[in-house]
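Chains as they are written, first to last, in my numbering: chain A, 1 to 178; chain B, 179 to 296; chain C, 297 to 634.
Hints are computed from structural coordinates only; laboratory data are not their basis.
Among the clues, some could well be false.
[Unchecked claim] Result set (DSS-like, lysine-lysine): computed pairs, CA atoms no more than 25 angstroms apart in a straight line:
| hint | chain 1 | residue 1 | chain 2 | residue 2 |
| --- | --- | --- | --- | --- |
| 1 | B | 289 | C | 611 |
| 2 | C | 363 | C | 373 |
| 3 | C | 611 | B | 290 |
Below are the chains, spelled out letter by letter.
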Amino acid sequence: MTALQVIFLATAAMILFSAWMVVTRRNLVHAALYLVLTLFGVAVLFVLLEATFLAVVQVLIYIGAIAILMIFAIMLTRRVASDDTVVANHNAGWAAMLAVLVFSSLVIIMGAWSQFTTFASPLTRPGVPSNELGQEIVAELGQSLVDPDAYVIPFEVASVLLLAALIGAIVVAWQKDK
Amino acid sequence: MLINYWPIAILIAVSTFLAVAVVVFGHLIGPRRPSERKAAPYESGMEPIGPGTRRMPVRFYLVAVLFILFDIEVIFLFPWAVNFRNLGVFGLIEMFVFIVILLVGYVYAWKKGALEWE
Amino acid sequence: MDENIALIIEWVLKAVILAFGLITGFAYTTYYERKLLARIQIRIGPNRAGPFGLLQPAADGIKLFFKEELIPAQAYKFIFVIAPILTMVPALVILAVIPWGESFELFGRQIALSMADINVGVLYILSVASISVYGIVLAGWSSNNKYAMMGGLRSTAQMISYELALGLSFVGPLMLAGSMSMLDIVRAQQETAWYIFYQPLGALIFYIAMLAEVNRAPFDMPEAEQELAAGFHTEYSGMKFALFTMGEYVKMIAVSVIFSTLFLGGFDGPAIDRFVLLGPLYLVLKVAACLFVMIWVRATLPRLRYDRLMAFGWKLLLPAALFNIFITAVLILLFDLG
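Modelling step: build the complete structure from the supplied sequences, incorporating the hints.
Given below as structure tokens:
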């Protein structure tokens, strides 16, 4: 095994372990912290795939913003660390079946894909030195966000989605005392 | 590209080791004479009243939601800014539209008083 | 294989030098601050321990080592212990992407004067900065104390609010330099001019936002004794308290380094192309100037009330940062700046 594979396996094991802890901890703050660990593991996987932009965005948005929001939401509740918190309800069996189904179909689809490899080969592009490739990829991402032939419509629609979330949050969470 | 991330991993390891070492040293060297008074929560010398953690105001939650939405906007701005010179006027207009749509929500939050603390 | 081992040794040495450099920097920033504050208030400041009081930081450190550590009975112990570690680590790690100079040759090897020059350096800084709120929110929560909880929440809300303005004021230099690598940004400034001249408003917004980000005056909520006791670190003592202070000062140094790199030309200075090793010296001088202004601000301005602080961040700084991006974009298009 190469060093990269060892790191991948260790990271994957950490992700699975902490994901399991997220759904089984009774203390909600502990569960949130395990979620942070899971998200960090995913960021490491992105680095291993040389998707560095996604890796830092994963940390910035998921760990730095969304997990903070969850911790705030947990602190809104009355009893954070009580031992009588219910961690599973009667839908747990269905959820487990669904999870197995999704996982096995992913395995089947990935296995049938002709480009599937167990090695992440280093990113290269003919004519571009490897130390400039990273810059070029980021610049291309910026290009494709505003390119009419690429993602300009999803990009603008995303801002409408963010707007809807913003207004929704204010309507739900914010009532001025009269 | 990947090789540039090894030093970061090493730096994380070194600094975690240092921080843990400081805590452990403080734990080993410092004296330990616990008493009930010392273990009580600090409340300016008064007997503590009520529980230590209370439900926090919903306002903080709202700040976190607003933060996420604008944080995503910031992320979109970065790759755009890097390639701005090539994108030119057209790129500026499209980013302008994107931000103006979000600013509608910002003005709404302002008008609703979600940005006020009293 | 030899090449790999040499590389690993180089990385570990750099990591150790950077970490210990920052910790020494922390010690002497406290000294610098106390001396400077004293001078501004027409006092003398620490002058007993060693010549000119230079051993004062060491004396403080040794004292803290021998202090009893209290853990409140009702605290959530594990998180209470790891919170100061979680504050310290991001503060040390954030500077990994800062260039201290171009590379030079030593023992026949090219040694780059930076830990890692990555293609998303600016975003790396922002994402590590966003992790650093965890130590604070967890310290506040795990203490199980009213003051700590409220102080932790307030500091967290403050930090995430000003993080937006901070992120937006990164965009100006990015547009001018056309790269997210910190080394490219410094090189672009060497070719044109320091970005503080192209981005005066952006630099001002960045400086204000970074004061709030590191909880410095006039945004130092943990120091608001009248309302919050000591904020999120009310219940901490001994070396764990020292770690919070250390984290705060290392963060002060870190944001000053980032400010210097983005707006003051980083390691750029006279004769830098002939003597590469002058780079770290120039950067340290610029950081000292940034810290001087920070301490000066602390000695001059009163603390903001919390509602005004949040209103300032959301209603003034955020729109101003967006306006700055727009103006920068228009000017680049009109005059082909930079």
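Structure-based check of all given hints:
1. B:289 x C:611: Holds, at roughly 12 angstroms.
2. C:363 x C:373: holds, 19 angstroms
3. C:611 x B:290: With Cα atoms ~13 angstroms apart, residue 611 of chain C and residue 290 of chain B stay inside 25 angstroms; holds.
In summary, this structure violates none of the numbered hints.
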